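Note that the protein sequences, when read in sequence, are chains A and B.
For my numbering, count along the first sequence from 1 and bump the result up by 11.
For my numbering, count along the second sequence from 1 and bump the result up by 11.
Check each hint, because a few of them may be wrong.
Pairs count within a copy or across copies, as identical chains cannot be separated in the list.
Within a straight-line C-alpha distance of at most 20 Å, the following computed SDA-like cross-link-like pairs (lysine to any residue) qualify [said to hold, decoys possible]:
#: 1; residue 1: Lys188; residue 2: Arg20
#: 2; residue 1: Lys159; residue 2: Asp140
#: 3; residue 1: Lys258; residue 2: Gln15
#: 4; residue 1: Lys70; residue 2: His28
#: 5; residue 1: Lys188; residue 2: Arg44
#: 6; residue 1: Lys159; residue 2: Asp34
#: 7; residue 1: Lys188; residue 2: Ala38
#: 8; residue 1: Lys58; residue 2: Ala270
#: 9; residue 1: Lys159; residue 2: Pro147
#: 10; residue 1: Lys159; residue 2: Ala38
#: 11; residue 1: Lys159; residue 2: Gly30
#: 12; residue 1: Lys188; residue 2: Ala43
#: 13; residue 1: Lys188; residue 2: Ala269
#: 14; residue 1: Lys159; residue 2: Arg221
#: 15; residue 1: Lys188; residue 2: Gly55
#: 16; residue 1: Lys70; residue 2: Asp146
#: 17; residue 1: Lys159; residue 2: Leu33
#: 18; residue 1: Lys58; residue 2: Asp234
#: 19; residue 1: Lys179; residue 2: His51
#: 20; residue 1: Lys159; residue 2: Arg35
#: 21; residue 1: Lys271; residue 2: Asp23
#: 22; residue 1: Lys159; residue 2: Pro145
Hint data in this document are derived by calculation from the structure and do not stem from the laboratory.
Owing to the predicted nature of the structure, the values given are computational and were not obtained by experimental measurement.
Number of protein chains: 2
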Amino acid sequence: MTFQQELDRIADLTGHHLGGLLDRHLAGEDPARVGEAMRHALLGGGKRVRPYLVIASAKLFGVAEEDAMPAAAALECLHTYSLVHDDLPAMDDDDLRRGRPTVHVAYDEATAILVGDALLTLAFETLADPNTHPDPAIRASLVLALAKAAGTNGMVGGQALDLAAEGKQLSADEVLKLQAMKTGALFRFACEAGAILGGAGEEQRAALIRYGTDLGQAFQLADDLLDHEGDAEAAGKAVAKDAERGKATLVALLGVDAAKARLETLVADAGEALSPFGDDASNLVEAARFVAGRKT
Amino acid sequence: MTFQQELDRIADLTGHHLGGLLDRHLAGEDPARVGEAMRHALLGGGKRVRPYLVIASAKLFGVAEEDAMPAAAALECLHTYSLVHDDLPAMDDDDLRRGRPTVHVAYDEATAILVGDALLTLAFETLADPNTHPDPAIRASLVLALAKAAGTNGMVGGQALDLAAEGKQLSADEVLKLQAMKTGALFRFACEAGAILGGAGEEQRAALIRYGTDLGQAFQLADDLLDHEGDAEAAGKAVAKDAERGKATLVALLGVDAAKARLETLVADAGEALSPFGDDASNLVEAARFVAGRKT
Numbered sequence: 012m013t014f015q016q017e018l019d020r021i022a023d024l025t026g027h028h029l030g031g032l033l034d035r036h037l038a039g040e041d042p043a044r045v046g047e048a049m050r051h052a053l054l055g056g057g058k059r060v061r062p063y064l065v066i067a068s069a070k071l072f073g074v075a076e077e078d079a080m081p082a083a084a085a086l087e088c089l090h091t092y093s094l095v096h097d098d099l100p101a102m103d104d105d106d107l108r109r110g111r112p113t114v115h116v117a118y119d120e121a122t123a124i125l126v127g128d129a130l131l132t133l134a135f136e137t138l139a140d141p142n143t144h145p146d147p148a149i150r151a152s153l154v155l156a157l158a159k160a161a162g163t164n165g166m167v168g169g170q171a172l173d174l175a176a177e178g179k180q181l182s183a184d185e186v187l188k189l190q191a192m193k194t195g196a197l198f199r200f201a202c203e204a205g206a207i208l209g210g211a212g213e214e215q216r217a218a219l220i221r222y223g224t225d226l227g228q229a230f231q232l233a234d235d236l237l238d239h240e241g242d243a244e245a246a247g248k249a250v251a252k253d254a255e256r257g258k259a260t261l262v263a264l265l266g267v268d269a270a271k272a273r274l275e276t277l278v279a280d281a282g283e284a285l286s287p288f289g290d291d292a293s294n295l296v297e298a299a300r301f302v303a304g305r306k307t
Numbered sequence: 012m013t014f015q016q017e018l019d020r021i022a023d024l025t026g027h028h029l030g031g032l033l034d035r036h037l038a039g040e041d042p043a044r045v046g047e048a049m050r051h052a053l054l055g056g057g058k059r060v061r062p063y064l065v066i067a068s069a070k071l072f073g074v075a076e077e078d079a080m081p082a083a084a085a086l087e088c089l090h091t092y093s094l095v096h097d098d099l100p101a102m103d104d105d106d107l108r109r110g111r112p113t114v115h116v117a118y119d120e121a122t123a124i125l126v127g128d129a130l131l132t133l134a135f136e137t138l139a140d141p142n143t144h145p146d147p148a149i150r151a152s153l154v155l156a157l158a159k160a161a162g163t164n165g166m167v168g169g170q171a172l173d174l175a176a177e178g179k180q181l182s183a184d185e186v187l188k189l190q191a192m193k194t195g196a197l198f199r200f201a202c203e204a205g206a207i208l209g210g211a212g213e214e215q216r217a218a219l220i221r222y223g224t225d226l227g228q229a230f231q232l233a234d235d236l237l238d239h240e241g242d243a244e245a246a247g248k249a250v251a252k253d254a255e256r257g258k259a260t261l262v263a264l265l266g267v268d269a270a271k272a273r274l275e276t277l278v279a280d281a282g283e284a285l286s287p288f289g290d291d292a293s294n295l296v297e298a299a300r301f302v303a304g305r306k307t
């Protein structure tokens with residue numbers, strides 16, 4: 012099985028699990044419109060890279076796929092909330108996401124705000140649910156780690172920096188900091204979550220966080236390269252928009268060749284971080300190569 | 012000490028605690044604008060009724076005020092997020108809140124969306140933090156209960172019903188259901204949180220949930236009466252807006268006299284629910300009377 016096939020397999024499992032989660036969660040009570048819009052946002056494809064990372068990281072400690080899936084699904088809910096809110100007219104004002112209309116376009120702005128709020132809340136509800144793990148200490152750890160990754164010192168902070176940066180010239184260090192918060196924090200969490208679920212020791216947890224940090228940077232850099240070399244059809248979303256908006260990217264600051272060289276280094280560093288796990292981590296090493304080389 | 016003085020005392024303690032929470036949370040890293048806007052939203056007054064209920068409910072089980080305060084503060088963060096998002100132009104489009112400009116007016120819409128997202132996330136971070144309670148099972152229970160109260164089967168669901176209802180004629184039962192979700196769920200959680208913090212048994216927890224349910228209805232009904240008899244200066248926000256928007260309220264559906272009679276019944280029922288606690292619950296009985304009789 013190639014890595015792409017393995018990723019697709021997990022993406023299918025994740026989509027199936029998320030569908031069931033919404034079926035249970037939305038049974039009966041809710042106004043149909045918000046529930047429909049949650050399905051639109053959550054079940055509209057996506058590579059499910061973050062759930063893959065939760066599952067593959069947890070597997071290092073012998074955790075079965077189905078036992079890591081609830082936490083993986085919670086992370087995908089949280090990631091999807093961030094996309095829905097970032098796409099809003101007051102934020103990045105994007106009409107297209109994963110090749111389909113964004114939530115505020117397909118529905119309306121108020122619904123998109125509520126869908127984001129609901130998915131963010133559902134992420135924490137899922138992590139705190141006894142089905143996610145029998146040990147409440149592990150559930151509380153997952154909630155705390157995800158909240159830190161998602162809050163003002165993580166994703167929301169990165170988005171705020173991004174908004175503040177419009178029309179300004181950032182340095183490469185400033186861009187790195189922004190991206191480490193806006194994108195990197197959830198990648199770090201994905202790998203940390205595997206360690207938490209697996210009851211890993213401090214050293215193993217730190218190794219996975221290091222891997223997740225490098226991987227997050229690699230993912231963002233590959234994204235910037237795609238945006239730069241832009242093919243909207245392949246990417247399934249509007250491309251070359253960063254340059255249009257005057258947003259600084261590492262590709263613009265370093266040049267394409269240096270950016271590509273940096274990407275190579277990040278993939279090597281990510282692999283190096285996993286050395287304590289030996290061959291058990293070959294899937295994760297492969298994931299770093301895949302993320303760096305992706306075309307969509 | 013009168014009840015108003017007691018409520019003011021807890022409101023001061025809560026404001027002080029929230030200020031410290033933001034100081035620690037926003038130290039260093041963040042773009043100043045979102046942090047400032049979080050302070051504007053969270054520290055701009057407010058009666059702090061929900062934190063009061065957490066603290067007074069926990070006190071029934073011998074929990075010290077300072078030990079209930081982190082959970083009380085988390086609930087106030089969550090309540091404040093809901094105000095910030097509900098005030099947005101795409102939602103209720105309100106310019107005034109607690110006598111001051113709303114966040115999107117004082118700052119901008121993107122900042123208001125992020126402030127809401129950040130406060131929602133901070134609520135869960137706070138509940139999952141070991142400082143909130145040494146027992147992770149209690150922390151996980153608090154997270155789960157708050158997420159259920161805040162999600163599509165609680166507050167977000169109620170707001171969605173509210174949006175769906177604009178321009179429609181709701182029945183009294185439909186209004187009750189909407190309000191039980193939109194406003195009632197957090198009141199219920201406030202009282203349930205006291206029970207969780209206090210390690211209460213099922214029966215005591217159920218009694219507090221019943222009390223919180225009645226209290227939430229009473230609070231909303233008093234709010235509708237205030238809106239109907241409207242004095243913007245006293246209320247510190249725009250009033251008589253519900254009627255203007257064609258939103259159904261129980262006051263419009265039942266008439267003022269029947270609404271006032273119902274309010275009396277709710278206060279009596281709330282007191283009755285607390286009978287298992289005897290005199291220990293006199294503060295909470297007083298709180299129900301206060302909420303029903305408030306002028307702001």
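Hint-by-hint comparison with the structure:
Taking CA atoms no more than 20 Å apart as the test, Lys188 paired with Arg20 passes in neither setting, with 33 Å inside one copy and 42 Å between copies. In this assembly of identical chains, Lys159 and Asp140 lie within 20 Å of each other by CA distance both inside one copy and across copies; the values are 19 Å within and 10 Å between. Taking CA atoms no more than 20 Å apart as the test, Lys258 paired with Gln15 passes in neither setting, with 31 Å inside one copy and 52 Å between copies. Taking the shortest Cα distances, Lys70 and His28 sit within 20 Å of each other inside one copy (18 Å), while across copies they are farther apart (41 Å).
Within a single copy, Lys188 and Arg44 get their C-alpha atoms only as close as 38 Å, which misses the 20 Å cut-off; across copies the closest is 17 Å, which meets it. In the homo-oligomer, the alpha carbons of Lys159 and Asp34 lie at most 20 Å apart only across protomers (16 Å), although the nearest pairing inside one protomer, at 28 Å, exceeds that limit. In the homo-oligomer, the alpha carbons of Lys188 and Ala38 lie at most 20 Å apart only across protomers (16 Å), although the nearest pairing inside one protomer, at 41 Å, exceeds that limit. Taking the shortest alpha-carbon separations for Lys58 and Ala270, neither the intra-copy value of 23 Å nor the inter-copy value of 53 Å comes in at or below 20 Å.
For a Cα distance limit of 20 Å, the shortest separation of Lys159 from Pro147 qualifies both inside one copy, at 18 Å, and across copies, at 17 Å. For the identical chains of this complex, Lys159 and Ala38 are inter-copy neighbours only, at 14 Å across copies versus 30 Å inside a copy, given an alpha-carbon limit of 20 Å. For a Cα distance limit of 20 Å, the shortest separation of Lys159 from Gly30 across copies, 19 Å, qualifies, whereas the shortest one inside one copy, 27 Å, does not. Proximity of Lys188 to Ala43 under the C-alpha cut-off of 20 Å is restricted to the inter-copy arrangement: shortest distance 16 Å between copies versus 40 Å within a copy.
With identical chains, the CA atoms of Lys188 and Ala269 are at most 20 Å apart within one copy only, with a shortest distance of 18 Å there and 59 Å across copies. Proximity of Lys159 to Arg221 under the C-alpha cut-off of 20 Å is restricted to the intra-copy arrangement: shortest distance 16 Å within a copy versus 34 Å between copies. When the C-alpha separation of Lys188 and Gly55 is checked against a cutoff of 20 Å, the pair qualifies neither within a copy, at 30 Å, nor between copies, at 31 Å. Only within a single protomer do Lys70 and Asp146 lie at most 20 Å apart by alpha-carbon distance; the minimum there is 18 Å, versus 28 Å between protomers.
For the identical chains of this complex, Lys159 and Leu33 are inter-copy neighbours only, at 14 Å across copies versus 25 Å inside a copy, given an alpha-carbon limit of 20 Å. Proximity of Lys58 to Asp234 under the C-alpha cut-off of 20 Å is restricted to the intra-copy arrangement: shortest distance 13 Å within a copy versus 47 Å between copies. In this assembly of identical chains, Lys179 and His51 lie within 20 Å of each other by CA distance neither inside one copy nor across copies; the values are 35 Å within and 26 Å between. In this assembly of identical chains, the alpha carbons of Lys159 and Arg35 lie at most 20 Å apart only when taken from different copies (13 Å versus 27 Å within one copy).
Taking the shortest Cα distances, Lys271 and Asp23 never come within 20 Å of each other, neither inside one copy (31 Å) nor across copies (55 Å). In this assembly of identical chains, the alpha carbons of Lys159 and Pro145 lie at most 20 Å apart only when taken from different copies (19 Å versus 22 Å within one copy).
In summary, the structure is inconsistent with hints 1, 3, 8, 15, 19, 21 from the numbered list given earlier, while agreeing with the others.
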